[in-house]
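Each chain, letter by letter, is given below.
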Amino acid sequence: MGQMQFGIFSVGDITTDPTTGHTPTDASRIKDIVTIAQHAEAVGLDVFAMGEHHNPPFFPSSPVAINSWLAAKTERLVLSTATTLITTNDPVRLAEDYAMLQHLSDGRMDLTLGRGNTGPVYPWFGEDIRQGIPLALEKYALLRRLWREDFVDWSGQFRTPLQGFQSTPRPLDGVPPFVWHGSIRSPEIAEQAAYYGDGFFANHIFWPGSHTAKMVNFYRQRFEHHGHGTAAQAIVGLGGQVFMRKNSQDAVKEFRPYFDNAPVYGHGPSLEEFTSQTPLTVGSPQEVIDRTLGFRDYVGDYQRQLWLMDHAGLPLKTVLEQLDILGGEVVPVLREEFAKNRPAEVPDAPTHDARKAEAAVQAAAEKAEVAS
Amino acid sequence: MTATRRLAVVSGGLSQPSSTRMLADRLAKATVEALGERSIEVDLTTVELRDHARDLTSMMLTGFASPALEATIDAVTGADGLIAVSPVFSASYSGLFKSFFDVIDPASLERMPVLLGATAGTPRHSLVIEHAMRPIFAYLRAEPVATGVFAATDDWGSDAGGELAARIERAARQLASRVETSDRAGANDDPWGFANAAAGLGGFQPG
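As you go down the protein sequences, you meet chains A and B in turn.
Take the first sequence: its letters are residues 1 to 372, numbered as in the numbering used here.
Take the second sequence: its letters are residues 1001 to 1207, numbered as in the numbering used here.
No lab work stands behind these hints: they were computed from the structure.
Glycine included, each C-beta is placed from N, C-alpha and C at the ideal position.
Warning: the hint list may mix true and false statements.
Sample of chain A residues facing chain B (criterion: CB under 10 angstroms; computed from the structure) [stated by the list, open to error]:
1. Ile133
2. Ser186
3. Ala190
4. His211
5. Gly268
Using the sequences provided together with the hints, build the complete structure.
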């Protein structure tokens, strides 16, 4: 796979198609999303990432269940999340569920942790949104230990203490799943990612690129500060949002009603304003290529690019067509162009096999040191 | 050597020209003069919220400001003093006026000296500054001066005009003395709190 990974992420919204008035059922959306993920692999994409929500109009309460099903149905696709809620899930449950997925997928998985911004979800799981940052910090610190230590003694503020606890199954090949931390504008989360040398995923799609640049640059500086490598070696992922047709005008005409009525930004800025102020690109495949290559100008060479493709009520047929264009015309060019002038020190996107090899090299080096 | 202070004026009037803007301009002029007497030059920014009406709605929905609105917010929150004037609609400040103070970072007006003004068709709304506007700025931890200036339609065309001028002058002097000693320079230089995050995750000890 090497270098950069390209893929799609889904929020999992159930939205009425504004052009037809049709609202999909939970059943049809769930079947559609797995069709979409399988099609992403078929057109040559590398990653599928599923969101986690516990309130309508969203269906994916358990991304790990969806990804486990997909693990059996796909061959190459890396199954990730966008995001796994670190605040309201029990870290023990997360350690076990995602280790299980790691085995079932032969290591074709990672996860992106997020806090979730829906106030009522926290009390439903016995938590308080005002404690969002402390929850994310403490729960992740425990999650890491559960994957790295066979027996864990632990006590903290947000969970019952553990004595001699072993989470099961143990990580595949002794390599803990790779973790990205996602945040739109909380420097504490960028700092957390930097502290551990984990990846940082910037949602990127709802805010201007200048905001994303501030967060990513802070993460890169802090990654270097904490001794994990140079700022250029930090692991960065970006979101993106596109709608394409051969002719730019056709894309704009077809996408506008979906934009105008979209759950997040609908009835606010115009399509043209939002396109100029955020990374949203509605136009020809070449316009998408040019815009995406421009992301590198403000975040540096990065490792993972995901796009939001299935949302706002777009019908399945349209989403699959979009994936055909993405995999057929856009991503091959991006792979080639992003590889040009990419400094040698910039790491490839993290994969299980590469991290397993790295761990073996490190273990051998430690052994040699003990022997000498 | 003369010092310079930044003064921002926010006018929530809807018509053009509006009596709200007229009051805002008179308050600004009087404040600039009062600061001039203290040998302080004023860098004045006047904001007509009407010009940002669509961007304010968009920001309420998207959470981020258009480039034009962002520059305006930065100019207001980065000022040494603020004059905030709203028309009275349905017994309170206008929705447009409230929208502006809804979308800015709630910490960004901390310690801001503020002069409050309001306009209305009738003097029966004269307490709107006290019962509606002042609480917003208390919440924002801003520091409104004691005198607020209310102008009803009558004030613009009667003997009462002299009283209005006296109120404007008193309020402007109060604001000027606060702006003169303002220590807000740099108060909003790191609105996202990067320095705080880099100083160590709020005391959390990672494992």
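Do the hints match the structure? See the list:
1. Interface hint at isoleucine 133 of chain A: satisfied, since its Cβ lies 7 angstroms from the closest Cβ of chain B, which is below the 10 angstroms cut-off.
2. For serine 186 of chain A, the interface hint holds, since its Cβ comes within 10 angstroms of a Cβ in chain B; the closest pair sits about 8 angstroms apart.
3. Among the interface hints, the one on alanine 190 of chain A holds; its C-beta lies about 7 angstroms from the nearest C-beta in chain B, closer than the 10 angstroms criterion.
4. The interface hint given for histidine 211 of chain A holds, since its Cβ lies 7 angstroms from the closest Cβ of chain B, which is under the 10 angstroms cut-off.
5. Below 10 angstroms, beta-carbon pairs count as interface contacts, and glycine 268 of chain A has one with chain B at about 3 angstroms; its hint therefore holds.
In the structure shown, no violation is registered for any of the earlier numbered hints.
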